[in-house]
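**Student:** Sequence:
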Amino acid sequence: MELEFKPDFEATRQQWTAFWRGDNGRPALAAVLPKPGVEPVAKPPYTAGREGNFGPVIDQLLRWGETQEFLGEAIPFFYLEFAADHFATFLGAGLRFHESGNGNGWAVPCIPAKVKNTPKSRCDFGSVWENTLCPTSAARL
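When you number the sequence shown by the numbering used here, it's gap-free, plus one each residue, and the end is 123.
Read the hints as simulated data drawn from the structure, not as lab findings. As the structure is a computational prediction, the values presented were derived from the model and not from experiment. Beta carbons: idealized from backbone N, C-alpha and C, even for Gly. Careful: at least some of the hints might be erroneous.
Simulated restraints, written as ranges between beta carbons of each label pair [stated by the list, open to error]:
(1) 61 <-> 81: 34 to 44 Å
(2) 93 <-> -16: 37 to 47 Å
(3) -10 <-> 86: 31 to 41 Å
(4) 73 <-> 22: 14 to 24 Å
(5) 1 <-> 72: 24 to 34 Å
(6) 0 <-> 21: 32 to 42 Å
(7) 54 <-> 19: 17 to 27 Å
(8) 93 <-> -11: 15 to 25 Å
Using the sequences and the hints, build the whole thing.
**Tutor:** Right, dumping it as structure tokens:
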């Protein structure tokens, strides 16, 4: 397997496999550094795209990958989530964010306290679930 921004991915994969088996002969090293001679682009922030507009996020993510070196066991990645409890949104909870628009989100419960413990409690999938699916479609080439 080859990754555009990690040409030595196969060696990295083997090193991670050895690490998880407890067979690696050296400490794991993961360093991401700006490539020399290019203006580095910042990685998109943790909750980027939460409003559903993923085009600019994907563009910035690709530019970030182009301007960085992924050394050792570093592998390019991006968290596609909008809160630590993002999974709750898959079950129907909402998310709220700080008024400034910065920072992580918090889950908004979708089941009223009086019915939380009933076996038939359920919620409809919400807009956060839809926004989580959007980048998959937007990133397809």
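**Student:** Taking the earlier hints as the rules, which of them does this structure contradict?
**Tutor:** 1, 4 and 8
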